[in-house]
Amino acid sequence: MSQKVDPQLRPTTRPPRPVDKRMRLKESGTVAAWVMLAPALIFLVVCSIYPFLWIFRYVLYNYDGIPAHTRFTGMRNLNTMMADTKFWGSVVTTFQYAFWKLIFIIPIALIMAVLLNQKLRGSSFFRGVYFMPTVISSSISGMIFTFIFATGNGVLNGILQACGLIGVPVGWLTDPKVAMAAVIIMSVWAGFGNYMLYFVTGMTSISEDVYESSRIDGANGIQTFFYITLPMLAPVLKVVLMLAITGAFKDYEAIMVLTNGGPGSSTNVMFLYIYNLIFGTGSNAARQIGYGALLSLVAAVIVGAVTIVYNIVAKKLDDVV
Amino acid sequence: MAKNRAQIVYSPRQKVGRAILWLFLLIFAILVIFPVLYIILGSFKDNQELLLGGSNIFPTTFVTKNYADAWSQANFAVYTKNSLFLAFGVMILSLIISSMAGYVFSRKEFPGKEIIYSIFVAFMFINVGSVSLRPLYELAVKTRINTSLWPVILFSAGGGQATYIFLCRGYVNSVPRELDEAAHIDGCTFFQTYARIIVPMLKPVMATIAILSFRQGWNEYILPRVFTMTNDNLRPLTVGVNMLKNAGDGAAAWNIMFAGATIAIVPILVVFICFSRYFMGGLTSGAVKG
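Going line by line, the protein sequences match chains A and B. All the letters of the first sequence, read from the start, carry residue numbers 0 to 320 under numbering that gives the first Met the number 0. All the letters of the second sequence, read from the start, carry residue numbers 0 to 289 under numbering that gives the first Met the number 0.
These aren't lab readings, by the way, just hints derived from the structure by calculation. Think of the CB as a built atom: it goes at the ideal place given N, C-alpha and C, for glycine as much as any other residue. Among the hints, erroneous ones may be present.
Said to hold, decoys possible - Label-pair restraints from in silico Cβ distances:
hint, chain 1, residue 1, chain 2, residue 2, range
1, A, 216, B, 61, 51 to 61 Å
2, B, 195, A, 56, 43 to 53 Å
3, A, 67, B, 30, 50 to 60 Å
4, B, 12, A, 226, 16 to 26 Å
5, A, 123, B, 191, 36 to 46 Å
6, A, 123, B, 61, 27 to 37 Å
7, B, 60, A, 173, 39 to 49 Å
8, A, 213, B, 25, 50 to 60 Å
9, B, 56, A, 103, 49 to 59 Å
10, A, 233, B, 181, 24 to 34 Å
Said to hold, decoys possible - Subject to a maximum C-alpha distance of 25 Å in a straight line, what follows is the list of computed BS3-like cross-link-like pairs (lysine-lysine):
hint, chain 1, residue 1, chain 2, residue 2
11, A, 118, A, 176
12, B, 202, B, 14
13, B, 107, B, 202
14, A, 85, A, 176
15, B, 80, B, 64
16, B, 244, A, 249
17, A, 176, B, 64
18, A, 237, A, 176
19, A, 118, B, 14
Same shape as in the complex, but just chain A (with noise of 0.2 Å):
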């Protein structure tokens, strides 16, 4: 019978079935769309999730890492942090450290990108040797830099000596004076590159056309930068401050290996001050790692608020440029 169907016919029949496929389309599957699922999700409750909601379960116990010893002191930990001038003052260090890292390596991630949007030969080279320090892993550039700033044998202080900028070597590490400038040169060396592949990425959607007739008004290399690439790159930039911002108060892997907050607590940022609460190689009793939930959290509320202030600010920059 179907095969004697009138070809006129046809078209009252055709329709329904692409509609008919898509539903099908959409209705199978879904076992297998949730099992293909099932390990990020397992992954996500795990290393995410739990992790969190455990933080606030230890807010407010004394825990030292041996179950048998956690006690519940209300709202001892946060008496004790308001008290804590060295919670307050490693603090204080943090935000001196993401300045100081902030003010270098921002302009030099942004004049480099500049220079290698020249097309100079071998821009692509330069681009990849200004990148790589950041495929090295933050525990062996610390450890790199240990050896570079040792006072006695390190090759820096022989370098400044050998050319007589300085007499007697710099304690770069062992002075509480200089060290936070040890911290900073490394944190800078190791990061910037990432900041300036931002900017080279977004240079290159700024079009050559803008730059060609800025060359025929006659307008020189600054002017060029300020009154061009820099208005043009404003988006990428705000990207950008906004993830050294961050990216700034959240290090303390490389500052571990380099000076473990010290000397004195001159270099010691808020996590890692946390760290050694949590897993420090001291005694058992040493640990405090309820006391140490409660600090991540003020810590990521600090983080969180300097986000803020940051995106506020930018609005305000924006309306006003």
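With chain A's structure known, arrange chain B on it following the hints.
Here is chain B on its own, set in the frame of chain A:
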């Protein structure tokens, strides 16, 4: 565009300016490369020379004994094996998880999808620092998987997965749905469509994820440090080298540490030199386009 640029004729003054710029780029490149060069060249100095210091970064006598010592005496053979296991483990796990999840998020409609996805994204930004390693460590001890490197691999892959899922979802979105439909008509199941159609199409983004997750595993420091606190034979290079530094009189073992640091950075540098396109491409596609 390159053609256009080539036609620009520079005046003599501009040529001098560009030469000065080029020189500046070169000097800056030497400064950037110096620490790495210093550590690699230093690993061929003998310990006496390292302890003396000075400004000469080239070894006066070229020795390879440091590597032999690091390899046999200081357990670096084990560290290297652990680092490789960790890096490849994180890479393979990340590839499987993120490509499957990215495919499901892109192609499947189910109740709660948007909420689940936004939780993934939210945890990309919530960072409470090292404290979250404590519950994970206790979990590993409780489930008795802390006698191997597996918890480090699992938690590293789990911690980094959101970014990779994000990348994969974006890429699958750009693959035409007609391909899925054609595969479905030909009798492919939901999973077969993924395995036979989507995965081959995902090659570029999978390469990026492979490189980024390999680097993540190879460079992981705090996580393995916490998990191998009491077991030297599980330590990857990043942790092993640093433990040497902390172990008492560090100065005596400078040569071993130089060799160890070199062993830790040279493989990742080689990977970077071979695949720099993916390193740099991955970074910007994740942040700027996203």
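Hint-by-hint comparison with the structure:
About 58 Å separates the C-beta atoms of residue 216 of chain A and residue 61 of chain B, a value consistent with the hinted range of 51 to 61 Å. Checking the proposed 43 to 53 Å range against residue 195 of chain B and residue 56 of chain A shows it holds: the Cβ atoms sit about 46 Å from each other. Against the hinted window of 50 to 60 Å, the Cβ-Cβ separation of residue 67 of chain A and residue 30 of chain B comes to about 55 Å, which satisfies the hint. The given range of 16 to 26 Å is respected by residue 12 of chain B and residue 226 of chain A, whose C-beta atoms sit roughly 21 Å from each other.
Separated by about 41 Å at the C-beta atoms, residue 123 of chain A and residue 191 of chain B satisfy the suggested range of 36 to 46 Å. Roughly 32 Å separates the CB atoms of residue 123 of chain A and residue 61 of chain B, a value that falls within the hinted 27 to 37 Å. At about 30 Å, the CB distance of residue 60 of chain B to residue 173 of chain A disagrees with the hint of 39 to 49 Å. A beta carbon spacing of about 27 Å between residue 213 of chain A and residue 25 of chain B contradicts the range 50 to 60 Å that was offered as a hint.
Separated by about 24 Å at the C-beta atoms, residue 56 of chain B and residue 103 of chain A break the suggested range of 49 to 59 Å. A beta carbon spacing of about 44 Å between residue 233 of chain A and residue 181 of chain B contradicts the range 24 to 34 Å that was offered as a hint. At most 25 Å may separate the alpha-carbon atoms for a hinted pair to count; residue 118 of chain A and residue 176 of chain A exceed this at roughly 41 Å. A hinted pair counts as satisfied when its Cα atoms are at most 25 Å apart, and residue 202 of chain B with residue 14 of chain B does not qualify at roughly 43 Å.
Only pairs whose Cα atoms come within 25 Å are accepted, and residue 107 of chain B paired with residue 202 of chain B is accepted, the gap being roughly 21 Å. Straight-line distance between C-alpha atoms of residue 85 of chain A and residue 176 of chain A comes to about 18 Å, which keeps the hinted pair within the 25 Å bound. Only pairs whose Cα atoms come within 25 Å are accepted, and residue 80 of chain B paired with residue 64 of chain B is accepted, the gap being roughly 20 Å. A hinted pair counts as satisfied when its Cα atoms are at most 25 Å apart, and residue 244 of chain B with residue 249 of chain A qualifies at roughly 24 Å.
Distance restraint check for residue 176 of chain A and residue 64 of chain B: the Cα-Cα separation of roughly 38 Å exceeds the 25 Å cut-off, and the hinted pair is therefore not satisfied. Between residue 237 of chain A and residue 176 of chain A the alpha-carbon distance is near 32 Å, which puts this suggested pair outside the 25 Å criterion. Simply put, residue 118 of chain A and residue 14 of chain B have alpha-carbon atoms about 13 Å apart, close enough for the 25 Å limit, and the pair holds.
Of the numbered hints given earlier, the model fails hints 7, 8, 9, 10, 11, 12, 17, 18; all others are met.
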